[in-house]
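Please construct the entire structure, taking both the sequences and the accompanying hints into account.
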Amino acid sequence: MKITPLFDRVVVEAADVEEKTKSGIVLLAKDQEKPQMAKVLSVGPGGMVDGKEVKMQVKAGDMVLYSKYAGSEFKIDGKEVTILRQNDILAIVSTK
Amino acid sequence: MKITPLFDRVVVEAADVEEKTKSGIVLLAKDQEKPQMAKVLSVGPGGMVDGKEVKMQVKAGDMVLYSKYAGSEFKIDGKEVTILRQNDILAIVSTK
Amino acid sequence: MKITPLFDRVVVEAADVEEKTKSGIVLLAKDQEKPQMAKVLSVGPGGMVDGKEVKMQVKAGDMVLYSKYAGSEFKIDGKEVTILRQNDILAIVSTK
Amino acid sequence: MKITPLFDRVVVEAADVEEKTKSGIVLLAKDQEKPQMAKVLSVGPGGMVDGKEVKMQVKAGDMVLYSKYAGSEFKIDGKEVTILRQNDILAIVSTK
Amino acid sequence: MKITPLFDRVVVEAADVEEKTKSGIVLLAKDQEKPQMAKVLSVGPGGMVDGKEVKMQVKAGDMVLYSKYAGSEFKIDGKEVTILRQNDILAIVSTK
Amino acid sequence: MKITPLFDRVVVEAADVEEKTKSGIVLLAKDQEKPQMAKVLSVGPGGMVDGKEVKMQVKAGDMVLYSKYAGSEFKIDGKEVTILRQNDILAIVSTK
Amino acid sequence: MKITPLFDRVVVEAADVEEKTKSGIVLLAKDQEKPQMAKVLSVGPGGMVDGKEVKMQVKAGDMVLYSKYAGSEFKIDGKEVTILRQNDILAIVSTK
Numbered sequence: 001m002k003i004t005p006l007f008d009r010v011v012v013e014a015a016d017v018e019e020k021t022k023s024g025i026v027l028l029a030k031d032q033e034k035p036q037m038a039k040v041l042s043v044g045p046g047g048m049v050d051g052k053e054v055k056m057q058v059k060a061g062d063m064v065l066y067s068k069y070a071g072s073e074f075k076i077d078g079k080e081v082t083i084l085r086q087n088d089i090l091a092i093v094s095t096k
Numbered sequence: 097m098k099i100t101p102l103f104d105r106v107v108v109e110a111a112d113v114e115e116k117t118k119s120g121i122v123l124l125a126k127d128q129e130k131p132q133m134a135k136v137l138s139v140g141p142g143g144m145v146d147g148k149e150v151k152m153q154v155k156a157g158d159m160v161l162y163s164k165y166a167g168s169e170f171k172i173d174g175k176e177v178t179i180l181r182q183n184d185i186l187a188i189v190s191t192k
Numbered sequence: 193m194k195i196t197p198l199f200d201r202v203v204v205e206a207a208d209v210e211e212k213t214k215s216g217i218v219l220l221a222k223d224q225e226k227p228q229m230a231k232v233l234s235v236g237p238g239g240m241v242d243g244k245e246v247k248m249q250v251k252a253g254d255m256v257l258y259s260k261y262a263g264s265e266f267k268i269d270g271k272e273v274t275i276l277r278q279n280d281i282l283a284i285v286s287t288k
Numbered sequence: 289m290k291i292t293p294l295f296d297r298v299v300v301e302a303a304d305v306e307e308k309t310k311s312g313i314v315l316l317a318k319d320q321e322k323p324q325m326a327k328v329l330s331v332g333p334g335g336m337v338d339g340k341e342v343k344m345q346v347k348a349g350d351m352v353l354y355s356k357y358a359g360s361e362f363k364i365d366g367k368e369v370t371i372l373r374q375n376d377i378l379a380i381v382s383t384k
Numbered sequence: 385m386k387i388t389p390l391f392d393r394v395v396v397e398a399a400d401v402e403e404k405t406k407s408g409i410v411l412l413a414k415d416q417e418k419p420q421m422a423k424v425l426s427v428g429p430g431g432m433v434d435g436k437e438v439k440m441q442v443k444a445g446d447m448v449l450y451s452k453y454a455g456s457e458f459k460i461d462g463k464e465v466t467i468l469r470q471n472d473i474l475a476i477v478s479t480k
Numbered sequence: 481m482k483i484t485p486l487f488d489r490v491v492v493e494a495a496d497v498e499e500k501t502k503s504g505i506v507l508l509a510k511d512q513e514k515p516q517m518a519k520v521l522s523v524g525p526g527g528m529v530d531g532k533e534v535k536m537q538v539k540a541g542d543m544v545l546y547s548k549y550a551g552s553e554f555k556i557d558g559k560e561v562t563i564l565r566q567n568d569i570l571a572i573v574s575t576k
Numbered sequence: 577m578k579i580t581p582l583f584d585r586v587v588v589e590a591a592d593v594e595e596k597t598k599s600g601i602v603l604l605a606k607d608q609e610k611p612q613m614a615k616v617l618s619v620g621p622g623g624m625v626d627g628k629e630v631k632m633q634v635k636a637g638d639m640v641l642y643s644k645y646a647g648s649e650f651k652i653d654g655k656e657v658t659i660l661r662q663n664d665i666l667a668i669v670s671t672k
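Residue numbers (this note's numbering), protein chains in the order written: chain E, 1 to 96; chain H, 97 to 192; chain P, 193 to 288; chain C, 289 to 384; chain V, 385 to 480; chain W, 481 to 576; chain U, 577 to 672.
Worth flagging that the hints you see were computed from the coordinates, not collected in a lab. Owing to the predicted nature of the structure, the values given are computational and were not obtained by experimental measurement. Fair warning: there could be bad hints in the mix.
Stated by the list, open to error - List time: in silico SDA-like cross-link candidates among lysine to any residue, alpha-carbon distance up to 20 Å: (1) K52/E x K68/E; (2) K631/U x M528/W; (3) K75/E x A14/E; (4) K539/W x D446/V; (5) K340/C x G435/V; (6) K644/U x I556/W; (7) K367/C x K340/C; (8) K535/W x D434/V; (9) K244/P x P141/H; (10) K68/E x E80/E; (11) K535/W x I556/W.
So, in structure tokens, the structure goes:
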């Protein structure tokens, strides 16, 4: 089963505990209601979005931080995924 | 009887249980008030919408995920349909 | 007596029971506070609306579905009419 | 005494009972808090309004329907007048 | 002491009772919390305002009607003045 | 210590009692919760702000009136300063 | 571990007590719920953001003042960091 995001949408999967520990990122108490670190699963094609050209900056496999309350959540094949606009992604996290 | 959407509107029909099971998508509890997976029935012509050129990316038969609270609901010939803007569609789901 | 809408305004008349039955459209319970299916009586000229070119896609006689809460209602010569922006019209319904 | 509206502003005077009766327009109960039919007294020059070119479509003497809650009300020389933007005018009513 | 408004700002002084009586304008009861007729004291230079070209249409000495709740009020040299955007001015009133 | 504002930001310092008295400006009671007259300390470079060209019209030393609730307040080296957008400045006050 | 901000995002770290004391900036009581002075850790590439060209004006190492409530907070490797848009940064503070 495959999810193909439209426009500037990005599908991300909540990072698991091991990944979070490895990354050294600890979310502050007030933000812990919602996981804000996630791994990118698939990325829309970008292009004209609301009359503006959008180039995609993230790719599948990137670990990202994103805005609280952003996106719509689904549970697919047992995985919790969130579909965001790329603009809701704040930064890419790398562990090297 | 036929429904022809205007501009960037898309008519979708709530996916039935069998389709949902086959797709492997399970909606999270907090989202279950409203079905967010649906099959596209018909698609508007796109073109200039609010002064911006919109190209339609979905077609009749596509299975799609869409934003919570998006769209207007009607019951037509016994089917529940929702009329959305294409921009409220997050992703296309395929089972292959 | 004649009502000439300005710009992208459209005058519609609530569909009567017979028309609704014939069309096969049944509004969902939560939407029944307001009729959302109506027949177009007259159509504005379109043109520049808020600095954007608008072409009219509906014509007098069309049966249309429109957004809940859209428009202003009047009672004229005994008929209930609603004046909408064309952008509040979601789809054209045809029974052939 | 003369009121010269700026930009796309339009000065209208509430239609009196006789004019309303003649026109055949009866406002629905929920709309009766505010008169929504009025006669145009004077019209601004149009031109660039918020960076967009506006052409005036109504003229002094027109009988118009306008949006509920639109405009600012004044009492001048004993007459109740409302100053609207042209965009709040929905339609021109004629009795021929 | 001199107040030089920036951009499309306009400084107005509340009209006194004599001027109001002479003009024949009586504000409706619900609008009486705030004087809405005033004399223009000084006018900004216009020009590019939020990326849009604005030409000033009012001049010092004009008697104007303006939108309720518009502007910021100050008391200067014993006079109550309000600083408005030109766009909050609805019409120029003349008594000839 | 130096504060260099970005873009169209302006740093102002609340006018002291002597300056206010000299200027003849008395704030109305309802506005007295927040000082709205201030002296400009430093001015950003202007340029492209949200995609629009902004030219700075105020300079260090100007005495200005500004919108209620505008800006962010800080206490620096014992002085209360407010950082505003230039667009929140209504007028320049001069005492000559 | 490295955080690479996207677009016009900026990662800042709350200034510690020593840095605040040295800078002479004291936040007003009502603003003390949230630290508003911070050191820039890393800066996005700028470029097209919401269809507008953004050039980055701050660099790693800058001490900045930023708007209350702006940004999303994370705790990374024991440091509290905030990710802001550059537009939420009001001014650069220097101690020379």
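Taking the hints in turn, this is what the structure says about them:
A threshold of 20 Å between alpha carbons decides the hint, and for K52/E with K68/E the separation of about 24 Å lies outside it, so the pair is violated. At most 20 Å may separate the alpha-carbon atoms for a hinted pair to count; K631/U and M528/W meet this at roughly 9 Å. Proximity of K75/E to A14/E is assessed by CA-CA distance (about 11 Å); at most 20 Å being required, the pair is judged to hold. The hinted pair formed by K539/W and D446/V fails the criterion: a straight-line CA distance of about 30 Å is larger than 20 Å.
Straight-line distance between C-alpha atoms of K340/C and G435/V comes to about 12 Å, which keeps the hinted pair within the 20 Å bound. This hinted pair checks out: K644/U and I556/W have alpha carbons roughly 16 Å apart, not beyond 20 Å. Between K367/C and K340/C the CA atoms are separated by roughly 32 Å; this puts the pair beyond 20 Å, and the hint is violated. For the proposed pair K535/W and D434/V, the alpha carbon gap of about 11 Å is at most 20 Å, so the pair holds.
Only pairs whose Cα atoms come within 20 Å are accepted, and K244/P paired with P141/H is accepted, the gap being roughly 18 Å. The suggested pairing of K68/E with E80/E holds, with an alpha-carbon distance near 16 Å, which does not exceed 20 Å. With a C-alpha separation of about 27 Å, the suggested pair K535/W and I556/W falls outside the 20 Å cut-off, and the hint is violated.
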